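First to last, the sequence lines map onto chains A and B. Throughout the first sequence, residue numbering follows our numbering, covering 1 to 378 in sequence. Throughout the second sequence, residue numbering follows our numbering, covering 379 to 788 in sequence.
Don't read these hints as lab results, they were simulated from the structure. It is possible that some hints are incorrect.
[Unchecked claim] Within a straight-line C-alpha distance of at most 35 Å, the following computed DSBU-like cross-link-like pairs (lysine-lysine) qualify:
id	chain 1	residue 1	chain 2	residue 2
1	A	Lys-138	B	Lys-528
2	B	Lys-385	B	Lys-425
3	A	Lys-281	A	Lys-105
4	B	Lys-425	A	Lys-235
5	A	Lys-161	B	Lys-585
6	B	Lys-747	A	Lys-236
7	B	Lys-664	A	Lys-138
8	B	Lys-585	A	Lys-255
9	B	Lys-528	B	Lys-614
10	B	Lys-747	A	Lys-118
11	A	Lys-138	B	Lys-747
12	A	Lys-22	B	Lys-385
13	A	Lys-281	B	Lys-614
14	B	Lys-706	B	Lys-606
15	B	Lys-391	B	Lys-664
16	B	Lys-747	A	Lys-235
17	B	Lys-657	B	Lys-425
18	B	Lys-614	A	Lys-265
19	A	Lys-190	B	Lys-747
20	B	Lys-411	A	Lys-255
21	A	Lys-46	A	Lys-255
22	B	Lys-443	A	Lys-265
23	B	Lys-706	B	Lys-585
As the structure is a prediction and not an experimental result, all values here were calculated from the model.
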Amino acid sequence: MEFGLTEEQEMLKTSAREFLEKESNRNHIRTMMEDEIGYSPELWKKMAGLGWVGLIFPGEYGGGEMGFRDLTVLCEEMGRALLPSPFVSTVILSGMPLLFAGTDKQKQEFLPEVAQGKQILTLAILEEDGDFWPGSIKTRAEKRGSEYILNGTKLFVWDAKAADYLLCAARTKHSSDPEDGITLFLLDAKEWGVYISPLNNLDLLRRQYEVVLSNVPVPAENIVGELNNGWAILKKMSLYATVALCAEMIGCGDKVLETTVSYAKERIAFGVPIGSFQTIKHKCADMLSGLEYARSLMEWAALALDDDDPDAPLAVSMAKASCGDVCKMVCDEGVQIHGGIGYTWDHDMHLYFKRVRASDTAFGDGNYHRELIARYIE
Amino acid sequence: MSDGSAKLEAFRKEVRTWLRENLPKGWGTPEYKDPERFSTEAHELGKLWQKKLYDAGYAGFGYPKEYGGVERPPEEIAVIREELLRHGSPFGPLSLGLLMAAPTIMAHGEEWQKERFIPKILSGEESWCELFSEPNAGSDVANIQTTAVKEGDEWVVNGQKIWTSMWEFSDWGILAARSDPNAPRHHNLTCFIVDCKSPGYTKLPLKQMTGTSEFGEEYFDNVRIPDKNRLGEVNKGWGVILAGLMAERSGGGAFWGGMGGGRSATGGAARGIGMLSVKAIIDLAKETHHYGRAVWDDPVFRQKIANLAIEVEAMRYSGLRMVAKMRKGIMPTNEASIVKNFQAEMRRRQGDMVMEIIGAYSQLMRDSKRAIDGGEWVYQMMRARGATIEMGTSEINRNIIAERVLGLPR
Ligand SMILES: Cc1cc2nc3c(=O)[nH]c(=O)nc-3n(C[C@H](O)[C@H](O)[C@H](O)COP(=O)(O)OP(=O)(O)OC[C@H]3O[C@@H](n4cnc5c(N)ncnc54)[C@H](O)[C@@H]3O)c2cc1C
Numbered sequence: 001m002e003f004g005l006t007e008e009q010e011m012l013k014t015s016a017r018e019f020l021e022k023e024s025n026r027n028h029i030r031t032m033m034e035d036e037i038g039y040s041p042e043l044w045k046k047m048a049g050l051g052w053v054g055l056i057f058p059g060e061y062g063g064g065e066m067g068f069r070d071l072t073v074l075c076e077e078m079g080r081a082l083l084p085s086p087f088v089s090t091v092i093l094s095g096m097p098l099l100f101a102g103t104d105k106q107k108q109e110f111l112p113e114v115a116q117g118k119q120i121l122t123l124a125i126l127e128e129d130g131d132f133w134p135g136s137i138k139t140r141a142e143k144r145g146s147e148y149i150l151n152g153t154k155l156f157v158w159d160a161k162a163a164d165y166l167l168c169a170a171r172t173k174h175s176s177d178p179e180d181g182i183t184l185f186l187l188d189a190k191e192w193g194v195y196i197s198p199l200n201n202l203d204l205l206r207r208q209y210e211v212v213l214s215n216v217p218v219p220a221e222n223i224v225g226e227l228n229n230g231w232a233i234l235k236k237m238s239l240y241a242t243v244a245l246c247a248e249m250i251g252c253g254d255k256v257l258e259t260t261v262s263y264a265k266e267r268i269a270f271g272v273p274i275g276s277f278q279t280i281k282h283k284c285a286d287m288l289s290g291l292e293y294a295r296s297l298m299e300w301a302a303l304a305l306d307d308d309d310p311d312a313p314l315a316v317s318m319a320k321a322s323c324g325d326v327c328k329m330v331c332d333e334g335v336q337i338h339g340g341i342g343y344t345w346d347h348d349m350h351l352y353f354k355r356v357r358a359s360d361t362a363f364g365d366g367n368y369h370r371e372l373i374a375r376y377i378e
Numbered sequence: 379m380s381d382g383s384a385k386l387e388a389f390r391k392e393v394r395t396w397l398r399e400n401l402p403k404g405w406g407t408p409e410y411k412d413p414e415r416f417s418t419e420a421h422e423l424g425k426l427w428q429k430k431l432y433d434a435g436y437a438g439f440g441y442p443k444e445y446g447g448v449e450r451p452p453e454e455i456a457v458i459r460e461e462l463l464r465h466g467s468p469f470g471p472l473s474l475g476l477l478m479a480a481p482t483i484m485a486h487g488e489e490w491q492k493e494r495f496i497p498k499i500l501s502g503e504e505s506w507c508e509l510f511s512e513p514n515a516g517s518d519v520a521n522i523q524t525t526a527v528k529e530g531d532e533w534v535v536n537g538q539k540i541w542t543s544m545w546e547f548s549d550w551g552i553l554a555a556r557s558d559p560n561a562p563r564h565h566n567l568t569c570f571i572v573d574c575k576s577p578g579y580t581k582l583p584l585k586q587m588t589g590t591s592e593f594g595e596e597y598f599d600n601v602r603i604p605d606k607n608r609l610g611e612v613n614k615g616w617g618v619i620l621a622g623l624m625a626e627r628s629g630g631g632a633f634w635g636g637m638g639g640g641r642s643a644t645g646g647a648a649r650g651i652g653m654l655s656v657k658a659i660i661d662l663a664k665e666t667h668h669y670g671r672a673v674w675d676d677p678v679f680r681q682k683i684a685n686l687a688i689e690v691e692a693m694r695y696s697g698l699r700m701v702a703k704m705r706k707g708i709m710p711t712n713e714a715s716i717v718k719n720f721q722a723e724m725r726r727r728q729g730d731m732v733m734e735i736i737g738a739y740s741q742l743m744r745d746s747k748r749a750i751d752g753g754e755w756v757y758q759m760m761r762a763r764g765a766t767i768e769m770g771t772s773e774i775n776r777n778i779i780a781e782r783v784l785g786l787p788r
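Isolated chain A (complex conformation) (with noise of 0.2 Å):
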């Protein structure tokens, strides 16, 4: 396993930082909030232009053909900018379950239009318990001639007013596993009884959405993967989307450090910088150690995955249960330090607040984990 950044990592990461810091701007970002899809289209053709969105999919699909350590390179870079993008929506949720499990056809079809920046994807998935669990899924899939007419409701879907097309999963069998009988869909998102509406999640740069549907058709050969084995590609596929949001929430965490630290540098309190006061020093001084912890776990998960490891599993439990925790602090610790500033709408803080915590709730928490955790160490 090789830590830290390769060099071409080195240029992906900086390259990715300039690209964000014109693109992704303050200006954008407040924009995109009262955006009602959440995401500029031109915007995501010139991220296409730059490779990104087919990085990890093989050439023979017009992909870069890159691992996916480089692609958290990126996802850090995004974190850190807050870009608002169907990025991991389209790449990691839905895209891989395709490059895994997808047909030479299916691949042919989509991916080449995905990495070009023609189509964005999401996944439906999460039903009334919000939970990343086969149990929870409840939405019905019946054969119907050459067809599955598809009835349910998916709740916290990502970016689905910015989605040409849905991976949903859906129940085609009943059985007493739960993880037996789920099957995924590709579905058109402009389809007949699909209902997409906007719940007003808190993270405004990355919306959510709730999706009904109701009686919709899908032909048979949008089956991704095989009938009933579907819920196995969505767990290889939870490995990468948890360790991506990690190196998300490392790059929001990293960014909220940085503007801490130059704030406790500048304000003055009581004639000297608020940075000569030991209990805002310990503060980031933890805020910092914290991160480089977070950071290590999160490397070795994505390295693990890139490698095939049998451990991998096990990294990205550690990583999801460190980055979560850690970055929570961090951001709680961003906005304390800023005082009254830092908890307005105006300062950028609770954006990254907001961001966190969306994320340490998908995929499962700490608490999920942790648990997780437990089992493989035993």
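Since chain A is already given, all that's left is putting chain B with the ligand on it; use the hints.
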């Protein structure tokens, strides 16, 4: 049953009947809809409720009769508190008058000021704000730059105040301004009672991370304040500020400390208070399922909720100990910082824990149709981030505890 306790039970019945007859229609049922937070409607509801309580003799304790105070045996006051908590009564945004302005005026005001202002605070007729903080005077409140210059028997005030709670609805404010440009720190400030409708007084909203505009900012452009509205002596404003801050830290701490998240669906506007919030959280944990199991059945959460219950009781008994001391004439001063930090930090822990209970729903607030309990818990979680900043940040209060209570070297 002794005579005394029979009488007290009869009194309890009386209070309950009164509450049933006077609480808003539908109160405590899912039909009751909370007015929008910090709306005029919410403010009016709070005022009206305080007035009703006061007129019924259920509020206004702790002040002499001549200033509108209501006298009652302490046991009856305790019964009133308990019943109000049990029913979750409408809570008006009147806190700063009751918690800060009234005690400060009692301590530093002239006779006419006490007579004029305190009764209308107790009866809820007038609302107050605290005009201390400025862009460059938050923690370092002694660094106030707003100026007050004496002209005849008036003071002319110029400057800016910020982060003012109750900015929109206050009738009066306690203002601190620099009255002597040459005097040393802590000897250059004077406090005033300012009419918020004065010419030259401009107020603007500031949006918070919660999305609401609970606080605002004010600009003073040659605002004229009669000298008789001066609160305390000239250039002795620092002592008045400290009295105000200590009052809100102890009172506010004890008061807010009990406020939990709310359960709109079951309790209307009822915010769970004290053990009520623990009960509400237990109910929530029983109703919420993760990975196929009720949260309340998860030992991790049972531990966390039990811890919260411990903290709530610790706070309650600390409050009672404080009241006992006060009865003996020992007034809390710097110890108020202990109360303030405990409540603020507990609100954060409670908020975080509830977010863990509700999982993905922790992203949804009031304007989401899927929000749990109208998004009240999520609001409270975020609002708690302000709690560790307002009334002296947690760091400042720790400094006070360490240096002024424990006497550690500065
Ligand atoms: C919700 C809310 C409501 C408010 N309502 C009112 C109101 O009604 N009226 C009013 O006048 N004000 C009000 N305030 C303002 C509040 O009192 C100030 O925000 C607070 O005192 C902090 O000041 P500041 O924002 O300037 O932060 P700063 O003073 O700049 O502090 C920044 C950071 O430095 C730390 N720090 C500063 N000095 C020290 C030190 N000596 N040692 C260690 N750490 C230190 C602080 O703890 C903080 O973390 C309100 C604030 C909030 C958030």
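Right, here's what the structure says about each hint:
1. For a cut-off of 35 Å, the pair hint linking Lys-138/A to Lys-528/B is broken: about 74 Å separates their Cα positions.
2. Distance restraint check for Lys-385/B and Lys-425/B: the Cα-Cα separation of roughly 31 Å lies within the 35 Å cut-off, and the hinted pair is therefore satisfied.
3. In summary, the hint linking Lys-281/A to Lys-105/A is not supported, as the alpha carbons are separated by about 57 Å, beyond the 35 Å threshold.
4. Taken as a hint, the Lys-425/B and Lys-235/A pair is broken in the structure, with Cα atoms around 55 Å apart against an allowance of 35 Å.
5. In summary, the hint linking Lys-161/A to Lys-585/B is supported, as the alpha carbons are separated by about 27 Å, within the 35 Å threshold.
6. Our distance criterion of 35 Å between C-alpha atoms is met by Lys-747/B and Lys-236/A, whose separation comes to about 32 Å.
7. At roughly 22 Å between alpha-carbon atoms, Lys-664/B and Lys-138/A fall within 35 Å of each other, so this suggested pair holds.
8. A hinted pair counts as satisfied when its Cα atoms are at most 35 Å apart, and Lys-585/B with Lys-255/A qualifies at roughly 23 Å.
9. Taken as a hint, the Lys-528/B and Lys-614/B pair is honoured in the structure, with Cα atoms around 15 Å apart against an allowance of 35 Å.
10. Proposed proximity of Lys-747/B and Lys-118/A is supported: the alpha carbons are some 32 Å apart, at most 35 Å.
11. At roughly 21 Å between alpha-carbon atoms, Lys-138/A and Lys-747/B fall within 35 Å of each other, so this suggested pair holds.
12. For the hint linking Lys-22/A to Lys-385/B, the alpha-carbon distance of about 74 Å lies beyond 35 Å, and the restraint is violated.
13. Taking the CA atoms of Lys-281/A and Lys-614/B, the gap is near 34 Å; set against the 35 Å cutoff, the hint holds.
14. Under the criterion of a C-alpha separation no larger than 35 Å, the hint pairing Lys-706/B with Lys-606/B is consistent with the structure, at around 34 Å.
15. Distance hint between Lys-391/B and Lys-664/B is fulfilled; the C-alpha atoms sit about 32 Å from each other, no more than 35 Å.
16. The suggested pairing of Lys-747/B with Lys-235/A holds, with an alpha-carbon distance near 30 Å, which does not exceed 35 Å.
17. Proposed proximity of Lys-657/B and Lys-425/B is supported: the alpha carbons are some 28 Å apart, at most 35 Å.
18. Taking the CA atoms of Lys-614/B and Lys-265/A, the gap is about 32 Å. The hint holds against a cut of 35 Å.
19. Restraint check for Lys-190/A and Lys-747/B: the C-alpha separation of about 23 Å stays at or below 35 Å, so the hint holds.
20. For the proposed pair Lys-411/B and Lys-255/A, the alpha carbon gap of about 40 Å is over 35 Å, so the pair is violated.
21. Distance check on the hinted pair: Lys-46/A and Lys-255/A sit about 24 Å apart at the alpha-carbon level, within 35 Å; holds.
22. This hinted pair does not check out: Lys-443/B and Lys-265/A have alpha carbons roughly 52 Å apart, beyond 35 Å.
23. Using a Cα cut-off of 35 Å, the hinted pair Lys-706/B and Lys-585/B is violated, with the two alpha carbons roughly 43 Å apart.
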